[in-house]
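Trainee: The primary structure of each chain is shown beneath.
2 protein chains.
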Amino acid sequence: MKKLIPIVLATACAVSAQAKIVTQTIAYKQGDATLEGYLAYDDAAAGKRPGVLVVHQWLGLTDYEKHRAEQLASLGYVAFCADIYGKGIRPKDTSEAGAQAGKYKGDRALLRARVNAGLDVLKKNELVDPRRVAAIGYCFGGTTVIELARSGADIAGVVSFHGGLDSPTPADGKNIKCKVLVCHGADDPFEEPEDLTAFEKELRDAKVDWRLIKYGGAVHSFTQPMAGNDNSKGAAYNERADKRSWQDMKSFFAEIFQ
Amino acid sequence: MKKLIPIVLATACAVSAQAKIVTQTIAYKQGDATLEGYLAYDDAAAGKRPGVLVVHQWLGLTDYEKHRAEQLASLGYVAFCADIYGKGIRPKDTSEAGAQAGKYKGDRALLRARVNAGLDVLKKNELVDPRRVAAIGYCFGGTTVIELARSGADIAGVVSFHGGLDSPTPADGKNIKCKVLVCHGADDPFEEPEDLTAFEKELRDAKVDWRLIKYGGAVHSFTQPMAGNDNSKGAAYNERADKRSWQDMKSFFAEIFQ
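So the protein lines, in turn, are chains B and C. My numbering numbers the first residue of the first sequence as 1 and each following residue consecutively. My numbering numbers the first residue of the second sequence as 1 and each following residue consecutively.
One thing to keep in mind: the hints can contain errors.
[Stated by the list, open to error] Okay, derived cross-link-like pairs now, BS3-like style, lysine-lysine, Cα gap no bigger than 30 angstroms in a straight line:
| hint | chain 1 | residue 1 | chain 2 | residue 2 |
| --- | --- | --- | --- | --- |
| 1 | B | Lys207 | C | Lys250 |
| 2 | B | Lys201 | B | Lys250 |
| 3 | C | Lys105 | B | Lys207 |
| 4 | C | Lys177 | B | Lys243 |
| 5 | B | Lys201 | C | Lys243 |
| 6 | C | Lys201 | C | Lys124 |
| 7 | C | Lys124 | B | Lys201 |
| 8 | B | Lys250 | C | Lys177 |
| 9 | C | Lys29 | B | Lys174 |
| 10 | C | Lys174 | C | Lys201 |
| 11 | B | Lys87 | B | Lys124 |
| 12 | C | Lys243 | B | Lys250 |
| 13 | B | Lys243 | C | Lys243 |
| 14 | B | Lys243 | C | Lys174 |
| 15 | B | Lys250 | C | Lys250 |
| 16 | C | Lys233 | B | Lys207 |
| 17 | C | Lys174 | B | Lys233 |
| 18 | C | Lys124 | B | Lys250 |
| 19 | C | Lys250 | B | Lys177 |
| 20 | C | Lys20 | C | Lys233 |
| 21 | C | Lys174 | B | Lys174 |
| 22 | C | Lys250 | B | Lys201 |
| 23 | C | Lys20 | B | Lys201 |
| 24 | C | Lys207 | B | Lys250 |
| 25 | C | Lys105 | C | Lys20 |
| 26 | C | Lys243 | B | Lys177 |
| 27 | C | Lys124 | C | Lys87 |
Honestly, the hints are just simulated from the structure, not real lab data.
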């Protein structure tokens, strides 16, 4: 963990060729729970800049999300990895991961409270322009950023990467104020076609500004190298879809952070 | 019609800040039929460059497609608008348009022959790098570029904008060698859900490299200002989806023309 130097720079946002990514572990609270997130930004950039919240997959906050935050910092954003599960709660296997993810998927109010607590940390960061904030999430985190949107969060946009899109309360689509980009594996066996249809209907009925991209040949977890490369398992890395969805996210940010 | 100056430049492709778009009407043949296409390129650019075939909507080759070709020329491509219907066959109303489009949608072999004839003109153009060629199409033209791909054409990619995706011969998906990008209005009432499902299955079964983007709030003809702005008619312009799909096409080209 490098030291965070708390400086406020008032000049226009610019990313130096000499990027120096600074990272910091940040403890914060939601209700009585202590959560532990991870901040990354380019110390060579000047001025307030857009912020991106990163929400973890079902395994909790791991090096994977931290690396994504560092990639975002290299692009000139302040990135903050939220911790939904709580400090020290880092599932060691899929059984523990399923229990944790299931707890929050079964209690959307708590999930929304947890993700909004992370958003709050990001928006209050002195380097962040709070009018230009977005959230991205992977798998469970994709579900979570959609719930963040459904909570009525005042942000510019959310991006779900292979997130579950089902909703126990589709009427909450009417709360969505931000733009929505869904990056979906066309062969993802974990997303039921009827959930996808219901999700589209929810956004359509609520007149949300949304886009959904289906990547051919991609299954669940297509952005995650640790998922291996066997599509028959239903979850596998797909370099092509990973690169394209990252590019699609960048185009989305270029539009919403104008 | 400006005069085409037939020069071959051997240096690397570059687009000058002083772009000068040259256009030319070109007559060519498919079987006994005479077709009349429209070429556009930047005369201030040097060297062979990627070529883009543009296929018209059901009204035939109009100023709309010519303007798209000029936009593509401004981006540094050699663009050629194919003429599927034949010289002088320019429907004056939707009844005539329906008859013409119906003729070719009902005879996919003829449609493939016609679009390949246009591709041939483009690939043989002295300014075009024939290894870097793509095709885009609108509505009927979207259907046509998908048929071009199904014909086994040796090109880098095709982009359909609100094209009909149904196929009388889904097994022909196995012939597709190029990458496929489908830009689709999420609320397009003219595309049956089962045709969309069958299309995805065709590409999946054939292991094609494909992507499909659904633009929320967009109906049929979303790239065409002349379609008006009344979504309830099923076809309407949608500036947001128009701009995004054009950006998505540019990202696609950046990838396939590397």
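Trainee: Going back to the hint list, which numbers does this structure go against?
Mentor: 3, 6, 7, 9, 18, 20, 21, 23, 25
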